[in-house]
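Trainee: Make the full structure from the sequences, and use the hints.
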Amino acid sequence: MALPYLSLAVWLPIAAGLAVLAAGGEGNARAQRWIALAGALAGFLVTLPLYTEFDLKNPGFQFIELTPWIERFNINYHLGVDGISVLFVLLNSFVTVLVVIAGWSVIESRVSQYYAAFLVMSGMLNGVFAALDAALFYVFFESTLIPMFIIIGVWGGPNRVYAAVKFFLYTLMGSLLMLVAMLYLYNKSGGSFEIVDWHRLPLPLPAQGLLFFGFLFAFAVKVPMWPVHTWLPDAHTEAPTGGSVVLAAILLKLGAYGFVRFTLPILPDACRQLAWLMIALSLVAIAYIGLVTLVQTDMKRLIAYSSVSHMGFVTLGFFIFNAYGIEGGLVQMISHGFVSAALFLCIGVMYDRMHTRLLADYGGVVNTMPRFAALMMLFAMANSGLPATSGFVGEFMVIMGAMQQSFWLAFIAATTLVLGAAYTLWMYKRVIFGPVANQHVAALQDLNPREVIVLGALAIAVLAMGVYPVAFTEVMHASVDELLRHIAVPKI
Amino acid sequence: MNLAIILLNHLPVLPEVIVLAGACALMIVDLRVTSERRVVSYYIAQGVLVACAAGTVFVQWVDGPTKLYLFSGLFVSDVMSNVLKLASYASVWLALVYSRQYLLDRGLLRGEFITLLLFALLGMMVMISAASFLSLYLGLELMSLCLFAMVALNRDSAQSTEAAMKYFVLGALSSGLLLYGMSMIYGATGSLALSEVARSTSQLAATTTDRAFLVFGLVFVVAGLAFKIGAAPFHMWIPDVYHGAPTAVTLVIGSAPKLSAFAIAIRLLVNGLPELAHDWQDMLALLALLSMAVGNITAIAQSNLKRMLAYSTIAHMGFMLLGLLSGVVGGNRLSADDAYGAAMFYVIVYVIMSLGAFGMLLYLSRAGFECENLDDLRGLSRRSPWFAFVMMVLMFSLAGIPPTAGFYAKVAVLSAAISAGWIWLAVAAVILSLVGAFYYLRIVKLMYFDEPREGGAVPGHPEMRLLLSANGLLLLAFGILPQPLMNLCFVAIQKL
Numbered sequence: 001m002a003l004p005y006l007s008l009a010v011w012l013p014i015a016a017g018l019a020v021l022a023a024g025g026e027g028n029a030r031a032q033r034w035i036a037l038a039g040a041l042a043g044f045l046v047t048l049p050l051y052t053e054f055d056l057k058n059p060g061f062q063f064i065e066l067t068p069w070i071e072r073f074n075i076n077y078h079l080g081v082d083g084i085s086v087l088f089v090l091l092n093s094f095v096t097v098l099v100v101i102a103g104w105s106v107i108e109s110r111v112s113q114y115y116a117a118f119l120v121m122s123g124m125l126n127g128v129f130a131a132l133d134a135a136l137f138y139v140f141f142e143s144t145l146i147p148m149f150i151i152i153g154v155w156g157g158p159n160r161v162y163a164a165v166k167f168f169l170y171t172l173m174g175s176l177l178m179l180v181a182m183l184y185l186y187n188k189s190g191g192s193f194e195i196v197d198w199h200r201l202p203l204p205l206p207a208q209g210l211l212f213f214g215f216l217f218a219f220a221v222k223v224p225m226w227p228v229h230t231w232l233p234d235a236h237t238e239a240p241t242g243g244s245v246v247l248a249a250i251l252l253k254l255g256a257y258g259f260v261r262f263t264l265p266i267l268p269d270a271c272r273q274l275a276w277l278m279i280a281l282s283l284v285a286i287a288y289i290g291l292v293t294l295v296q297t298d299m300k301r302l303i304a305y306s307s308v309s310h311m312g313f314v315t316l317g318f319f320i321f322n323a324y325g326i327e328g329g330l331v332q333m334i335s336h337g338f339v340s341a342a343l344f345l346c347i348g349v350m351y352d353r354m355h356t357r358l359l360a361d362y363g364g365v366v367n368t369m370p371r372f373a374a375l376m377m378l379f380a381m382a383n384s385g386l387p388a389t390s391g392f393v394g395e396f397m398v399i400m401g402a403m404q405q406s407f408w409l410a411f412i413a414a415t416t417l418v419l420g421a422a423y424t425l426w427m428y429k430r431v432i433f434g435p436v437a438n439q440h441v442a443a444l445q446d447l448n449p450r451e452v453i454v455l456g457a458l459a460i461a462v463l464a465m466g467v468y469p470v471a472f473t474e475v476m477h478a479s480v481d482e483l484l485r486h487i488a489v490p491k492i
Numbered sequence: 493m494n495l496a497i498i499l500l501n502h503l504p505v506l507p508e509v510i511v512l513a514g515a516c517a518l519m520i521v522d523l524r525v526t527s528e529r530r531v532v533s534y535y536i537a538q539g540v541l542v543a544c545a546a547g548t549v550f551v552q553w554v555d556g557p558t559k560l561y562l563f564s565g566l567f568v569s570d571v572m573s574n575v576l577k578l579a580s581y582a583s584v585w586l587a588l589v590y591s592r593q594y595l596l597d598r599g600l601l602r603g604e605f606i607t608l609l610l611f612a613l614l615g616m617m618v619m620i621s622a623a624s625f626l627s628l629y630l631g632l633e634l635m636s637l638c639l640f641a642m643v644a645l646n647r648d649s650a651q652s653t654e655a656a657m658k659y660f661v662l663g664a665l666s667s668g669l670l671l672y673g674m675s676m677i678y679g680a681t682g683s684l685a686l687s688e689v690a691r692s693t694s695q696l697a698a699t700t701t702d703r704a705f706l707v708f709g710l711v712f713v714v715a716g717l718a719f720k721i722g723a724a725p726f727h728m729w730i731p732d733v734y735h736g737a738p739t740a741v742t743l744v745i746g747s748a749p750k751l752s753a754f755a756i757a758i759r760l761l762v763n764g765l766p767e768l769a770h771d772w773q774d775m776l777a778l779l780a781l782l783s784m785a786v787g788n789i790t791a792i793a794q795s796n797l798k799r800m801l802a803y804s805t806i807a808h809m810g811f812m813l814l815g816l817l818s819g820v821v822g823g824n825r826l827s828a829d830d831a832y833g834a835a836m837f838y839v840i841v842y843v844i845m846s847l848g849a850f851g852m853l854l855y856l857s858r859a860g861f862e863c864e865n866l867d868d869l870r871g872l873s874r875r876s877p878w879f880a881f882v883m884m885v886l887m888f889s890l891a892g893i894p895p896t897a898g899f900y901a902k903v904a905v906l907s908a909a910i911s912a913g914w915i916w917l918a919v920a921a922v923i924l925s926l927v928g929a930f931y932y933l934r935i936v937k938l939m940y941f942d943e944p945r946e947g948g949a950v951p952g953h954p955e956m957r958l959l960l961s962a963n964g965l966l967l968l969a970f971g972i973l974p975q976p977l978m979n980l981c982f983v984a985i986q987k988l
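Chains as they are written, first to last, in the working numbering: chain U, 1 to 492; chain V, 493 to 988.
Hints are computed from structural coordinates only; laboratory data are not their basis.
Please note that the accuracy of each hint is not assured.
Unchecked claim - Cβ pair distances, simulated, as ranges:
1. U:105 x V:962: 33 to 41 angstroms
2. U:439 x V:867: 38 to 46 angstroms
3. V:704 x U:201: 43 to 51 angstroms
4. U:53 x V:793: 50 to 58 angstroms
5. V:976 x U:109: 38 to 46 angstroms
6. U:109 x V:555: 55 to 63 angstroms
7. U:280 x V:944: 47 to 55 angstroms
8. U:207 x V:944: 49 to 57 angstroms
9. V:867 x U:109: 19 to 27 angstroms
Ideal placement from N, C-alpha and C gives every residue a C-beta, glycine not left out.
Mentor: Set out below in structure tokens:
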């Protein structure tokens, strides 16, 4: 291991973002776009060695970087990835490249600030996934709110201010309670912010219960779980396409990642005690939100609700405590990262041409945009969990895991396959098929090369993951097994 | 020879002597300066501040970490006093630079402003170094009287005069409370020197009658302190004074006096009455909770920026008290340094934020236009992207969002509170700071999401642009590397 890949993955995009800002001014937007693309690509390239040089047999952390940061509080700049987190760093860097390309000709006002916000956020998100020090994690976790707030508020839709403030305050509320929980753990562990130290820290059950809820608020809001999901449809609907993509593909994963990194290993006993609660909330998300999704009339809102439902699968997988469940949840997170990003980009493609997201304004798009219709078909299928697409793998694994627990659990969870197919394909049918709805649709232009690159890259990812999921799951095995062994031991 | 030794022994008061001499000299020079050349006085004042800073650094360098008492125990010089004095010079200096253009535009850059500012600084320095009730009170009154006059500087403005009147009456009342409390404690212990008070309370506190007597005095001392700090329910003067005073004076009131108020809180409670920690910690807990609640919730309803920042001050002082009240746990002082160090870090970071925020208001004001309503910030990112960014950093720092210094300040005091077992208070604090985040966010929203009502870039003095940028970036720098300032605060408290 020669280069500090993780540090590069964090700081290269941030540096590129600052460079874009420095190139400021409305005049040279072209240069800013190219700098942003170069930064995003460089950020992606430095994460590739994380995958190629990853040691599959090592369940612990790899690519570790450790430097004291704030000695007074024993806070270290401690980065490292294991099988659980490494793929998210890659996913995030990959999605950032797509977002930069997708915004190329769409964003015309304040170009430098737009790209800077995305690149800085991308670096911070890598930091969240790579941080092994809880204080560092928290700093990155909460810092990401600032660029997202700006992205929604400046480049968003008509109701953007409401959505941005709601997004910010909801997430802040959760993370502040998590801060108290973290400071409590810092105290109990005798002054350590190392996440690994906390994993080993024995805690009595009542304390575990309180800490569980402290973390739950933060992560449940981020995931988002029912009933604290209401910020998501607003934020998604109002955010610009790039914002929705990052929100769905990466930001939602922070919450689920938090469950695996903090809640499960630090509070295993509370998790077992309260698993019923988490499972119940997840099932509500899967079944009830699935039904809510059916009746949406705004495409972005529809995909947003579908995200809540899909993320319910992830939390369900985590709290059934077996390898299928946890790995299935992680696979589902990555798959959802690809699929939801792709669907939001598809909606973005249509919105850029029609300036409406309402289903009622569409119909017969296939007549004018055949290539687009074909690609979107693939993503719609993936969203409804068709075999040979990435969407199938995660759902199948979680249902297998649930089946080991109880038949009825698996049964309710499997309703998502029906509901997911229903709302996604119905949406697809109404938008793409049928007679051409109006002259705006008749005048549509098919995908331009830039859009083909973005959607094509995601299509390849979705298919690759569906056909050969081992490439993704083999990375996770060692760490997930270790996690399960760890959870099985009570630490009261 | 003899004189040299006497002088050497009194070296720690060098900065005070410089300010006093400088202020007196300035008063005389200013008589001879015509109003067109008032800038001369302005530069003299800056020179005095630089000399003071050099003096304090020299004193610190000569004395090292030792604690020295002078003038038969009236005056103390230790690391904390030197650190806080340096911070006070810096904030007075920034206040001077930030307000220059504003005062010039309004014809208020008079000798009085600069002289009063220096005398107020002298008062603060005496407070910071006070080792006895007497010097503490003298410093406090010197500072307060100067500030009363400064609030009324714009004597034709009814609003300013009203603010000055309120400030004076309530300030006198609070001084009375403080004095009454001090007299009670003096009656019980028979000494004005704080170290002596600490020694005799440790014996007296054992007997219930004397303890009751001491606690009775303590209540008044804490109430007086709360008035000076601006903690609820003794906060009523803050919004009116902040609002009514010329913004330049609001800047002065909102910055350096917080440092000296913190210093006297440490001197009185931690140095003077450690035996009663259990009693005053409970009082401070109530004050902290009320301040955070009143400050954050009322700030939401404000449409005037100065009032909003005033309520934000109240909330922040509540947060600072959180550190102050977490020192002693069940008679155990093991984590006391951490807690007081956290409070000191908080108050210094707060002063940097407050200077930046009011400095921004001064920067955006110009002749005939006061930037003091929320709407005046509308669309700032269009008019001046850089200063909108600086203001955003300030607001996120006030809200305590990483990566800004305000975040570590919050973490430090919360950590102290949690380790002292005040978990419910910590939870209440974070929930109330969530409420607070809303009104800071609203400013970011106005600057970034809304369209400007008037076009054109914002003019500004280059000196001020530079310092204001540095002020904002400092918060970001401390947000990424808080270690140096934190260590400084903790060392200062350890050597107390």
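Trainee: Each of the hints needs a verdict: does it hold here or not?
Mentor: Here is how each hint holds up against the structure:
Taken as a hint, the range 33 to 41 angstroms holds for the pair residue 105 of chain U and residue 962 of chain V, whose Cβ atoms sit roughly 38 angstroms apart. A hinted range of 38 to 46 angstroms holds for the C-beta pair residue 439 of chain U and residue 867 of chain V, which are about 43 angstroms apart. Hint check: residue 704 of chain V to residue 201 of chain U, Cβ distance near 44 angstroms, so the stated range 43 to 51 angstroms holds. Under the hint 50 to 58 angstroms, the C-beta atoms of residue 53 of chain U and residue 793 of chain V, about 57 angstroms apart, fit the expected range.
Between residue 976 of chain V and residue 109 of chain U the C-beta distance comes to about 40 angstroms, which sits within the given range of 38 to 46 angstroms. Taking 55 to 63 angstroms as the suggested C-beta distance range, the pair residue 109 of chain U and residue 555 of chain V conforms, at roughly 58 angstroms. Take residue 280 of chain U and residue 944 of chain V: their Cβ atoms lie about 50 angstroms apart, and the range 47 to 55 angstroms holds. Separated by about 52 angstroms at the C-beta atoms, residue 207 of chain U and residue 944 of chain V satisfy the suggested range of 49 to 57 angstroms.
At roughly 22 angstroms, the beta carbons of residue 867 of chain V and residue 109 of chain U sit within the given window of 19 to 27 angstroms.
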